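Chains A and R, in that order, give the protein sequences. First residue of the first sequence? That's 16 in my numbering, and the numbers climb one at a time after it. First residue of the second sequence? That's 4 in my numbering, and the numbers climb one at a time after it.
It is worth saying that the hints were derived from the structure and are not from the lab. All figures in this text were calculated on a predicted structure; none of them were measured in a lab. Glycine included, each C-beta is placed from N, C-alpha and C at the ideal position. One or more hints might be untrue.
Stated by the list, open to error - To give a feel for the contact side, a few chain A residues facing chain R, derived at Cβ under 7 Å: (1) Y39; (2) G40; (3) A112.
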Amino acid sequence: MWVLGLGAFVYGQLLSEVFIRVAYGQQWVEAGAGAALRAYSGYVLLMALNGVIDAIGHAQSSTDQLRTRGFIMIGFSWYFPLSIYLLSSMLLAQYGALGIIGSNLLSYVCRIAYCVWLLRSQLALAGPAFLPELWTALSFACVLFLSFLGPIVSLALFPQALLLYRCNRGYLLRTKQD
Amino acid sequence: MEIDAAKRALSLHFVLKVLTVGTNVAIARVASPEIFGQANINLLLLYTLVLHFTRECFRRVAQTSPQSALQLVRLTQMWQGTVCTWGFAPVAWALWPSADLSPMSTAIICLAASIEALAEPLYAHDLIKLEMKHRAIAEGFALILRSAVVLGTITRGVEAFALGQVAYAIAVVLLMRMQTGPLRWKGLGVERATGRLVGTELGLAVLKFVLSEGEKLVLLFFAAASAEQGVYALVASLGSIITRNLFQPIEVQLGRKPPTAFSPLSNRLPELPK
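For reference, chain A alone in the conformation it holds in the complex (with noise of 0.2 Å):
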């Protein structure tokens, strides 16, 4: 899951103005579609992470720790709206779109340490043993050098694709100047 979690990460950093171009038009890249849907592949790749880890923590809790986990959820689902409205107030006047999927990260950053910690506990892991466990898995260094390959040869194959954004990028760095 954070395979596909961290290609949409990797390939929305590099294409994503390119294909709301492609997709939909000169308009939305200057209302700033591209640059949030960057950030939204940023977000994704925190939904694909904490999915992964939320899982894996409910299947290896026992009844009492469900039911304590239960709870806490339950506060998560009221936090989760309480952080959006306060963090959108600030930062959607300033920030717009962006604002609003910000606030979004922080939530699933808070929820992903939660579900982090409550698994350290559960596997009564001591220091920080647990995290290079997880992360630094041969696997997952793997995934990562592929995910960061894809793309460059993508763009070596189709370098159209990169003029395009690059062209867009000095369009709009010469809009803002102008």
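Given the structure of chain A, go ahead and fit chain R onto it with the hints provided.
Frame of chain A, contents of chain R only:
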């Protein structure tokens, strides 16, 4: 039979999602971000609000009714939900706090929601019969019709989207009625038990509405610029292709795995006493 129905439901969901994104691309290419934002955040939120309580309260009550073996009773409860929607739609129209939309476009969207409420008993009937084909045909055709109407009347701005939604609702109701046939119902007398269940479900429905539509509510009530609403609607619809079609099924499956499936993490579990 149930597994086949579930497979058909998943296929239907996927096909409709692809169709929705495809038609959205066509519309977004001709509509400005401002119009797209007002239609997809503001107008659609009102539409969802009008239909939400029928779907959440009456559909759930119909499913959990003690007399659920009697299809007639379940359908009667769905008809009661439709009538409640007709009562709620004018109230929602009158109280909707939006200066961006014209009263005409909000009135048209409430009319569209009231028309689509007629399809709820027909959907329930198909669910009882585990029949998914009718809904796939009706919604697929209605989506294409809605896009055609929006594209044809796009010069009218947000009203074009409201008119498109009316066309969608009429098409869904007519096609579902043609395929399902006439439905029997018992009248509108509300039993006390049903009333109590609806009251209980109402609180949950409000909570679910805030949770599921929270972002739209924030965008609306913090008066984000219409173009920003459009950008968010567009990006969220693109992102939901991955999250709903890929992540959600995997997450459901992962949650069902036994602890031993998560090797090497499971090796760390303390040994059980012998």
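Hint by hint, here is what the structure shows:
For Y39 (chain A), the suggested interface contact is upheld, since its CB lies about 5 Å from the closest CB of chain R, less than 7 Å. The restraint placing G40 (chain A) at the interface with chain R holds, with a minimum CB-CB distance near 5 Å, inside the 7 Å limit. Taking 7 Å as the C-beta contact cut-off toward chain R, the hint placing A112 (chain A) at the interface holds, the least distance being around 4 Å.
Violated hints are absent here; each numbered hint is respected by the structure.
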